[in-house]
Amino acid sequence: MMNLSLEEAQALLLEKIKYIPKYEEKLLQEANGCILGEDIYAPINNPPFDRSPLDGYAFAAKSSEGASKETPVQLKVIGEVCAGDYFEGMVGVGEAVRIMTGAPIPKGCDCVLRQEDTDYGEEAVAIYKALKAFDNYCFTGEDIKEGTMLLQKGEKLNAITLGILSSMGIQKVKVAMKPKMLLICTGDELVEAGSSLLPGKIYNSNGMMMSILGKTLGMEILWQKHVGDTAEAVAEAIKAYINEADLIVTTGGVSVGKKDIMHDVIKLLDGERLFWRLAIQPGTPVLGSIIYDKLMISLSGNPFAALVNFELLVRPVCSVLLGDKEILNKHVTGQMVSEFKKMSKKRRFIRAMYEDGKVYLNHQNHASGALYTMSLCNCLIDIPAGTESLKIDDKVKVILLRDCM
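Counting in this note's numbering, the sequence shown runs from 1 upward without gaps.
Bear in mind the hints are in silico, worked out from the structure with no lab data behind them. The reader is advised that the hints may include incorrect statements.
To be verified - With a straight-line Cα cutoff of 20 Å, these simulated DMTMM-like cross-link-like pairs (lysine to aspartate or glutamate) come out:
1. K22 to D39
2. K22 to D293
3. K132 to E142
4. K22 to E244
5. K156 to E326
6. K358 to D394
7. K294 to E272
8. K267 to D293
9. K346 to D394
10. K180 to D324
11. K215 to E155
12. K358 to E339
13. K22 to E220
Only a predicted model underlies this, so the values are computations on that prediction, with no experimental measurement involved.
Using the sequences and the accompanying hints, generate a full structural model.
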């Protein structure tokens, strides 16, 4: 069987997603980054009354006819109103009310003169400028009119949209619950941080890396520890969480060695294998399957290869589960300012640094098991199969990694 292309595998995974979003109510202060689960219409006008945009004096425009610095007009000051208060009376011609920014404009007034164009009078005020009706006047509903659709179902909430909802007096909002990712790292060689590192053992970096990536996308992580290299142990771990999980991600056990047990896991759980091995490097032996109607994506155990598999396959699946296209990586074209002299027989992804259209190789270690050099990078170069080498000034396809930028 020929290795699938990356695009074929992506399409197959997205086609097989069976997920019905679940919703919950959250307080606004807890809803940042959540996906809205309903259309929201404005329950009130904002502002809810005609108000002043500045500190000054409110009056009827006809009261200011002929006013100038040379020929000021005197008005009787019959009161004062600050933001949060209101003036109960009616303001007649020849009268004014001292008013502060945000305060309701009193009845009988149709304009506001800024205090800098007056003598700041308290019982009577000299005004030095004539106004027209509705000069310096904020109308009821000028920002938002009652009944306006504010936000649509599926929008991602942020500081601005949550501020808008708060301005409407809304306290809680219906949002999509976070889909749950079951994360299992296989390998007898793995130990968790804090344990003694015995001969032949390595610390589990994939668990930490994948769980943080999943959480950053917006997924809830069910488990991130490792399981020994037996199909039975992995199958039991999956069965323990399968009812909660919306997506299963595993690392390791996907190649052709004695301890590559994920194929047997699928059989033990009566699963369906969708694909195995892609025409890419690193991460060729990635495995896609269906377990109890849930997608399982089994990544390479090598840290950089696992990262490549995650970015190319898991991230698009999470985007659909979350209903959030913003988490997808951006694809751009860049210009090489470094050389990559190796032949790429397969379609190859190498780590690099992208800045202002230029692509740099800050290191020479491109091994699939090496993770440290990724800390110097923010993108992947997508090298077509059969490329002899990359030369300075070559144009290349680049995948900008959102969580490394």
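These are the hints, each one checked on the structure:
A threshold of 20 Å between alpha carbons decides the hint, and for K22 with D39 the separation of about 16 Å falls inside it, so the pair holds. As the CA atoms of K22 and D293 are separated by approximately 17 Å, the hinted pair is consistent with the 20 Å bound. The suggested pairing of K132 with E142 holds, with an alpha-carbon distance near 19 Å, which does not exceed 20 Å. For the hint linking K22 to E244, the alpha-carbon distance of about 12 Å falls within 20 Å, and the restraint holds.
Proposed proximity of K156 and E326 is supported: the alpha carbons are some 9 Å apart, at most 20 Å. Distance hint between K358 and D394 is fulfilled; the C-alpha atoms sit about 10 Å from each other, no more than 20 Å. About 10 Å separates the Cα atoms of K294 and E272, which keeps this hinted pair within 20 Å; it holds. With a CA separation close to 14 Å, the supplied pair K267 and D293 stays within the 20 Å bound.
For the hint linking K346 to D394, the alpha-carbon distance of about 19 Å falls within 20 Å, and the restraint holds. With a C-alpha separation of about 15 Å, the suggested pairing of K180 with D324 holds against the 20 Å cut-off. Note on K215 and E155: the hinted pairing holds, with a Cα-Cα distance of about 19 Å set against a maximum of 20 Å. Our distance criterion of 20 Å between C-alpha atoms is met by K358 and E339, whose separation comes to about 12 Å.
Proximity of K22 to E220 is assessed by CA-CA distance (about 13 Å); at most 20 Å being required, the pair is judged to hold.
Hint compliance for this structure: no hint is broken.
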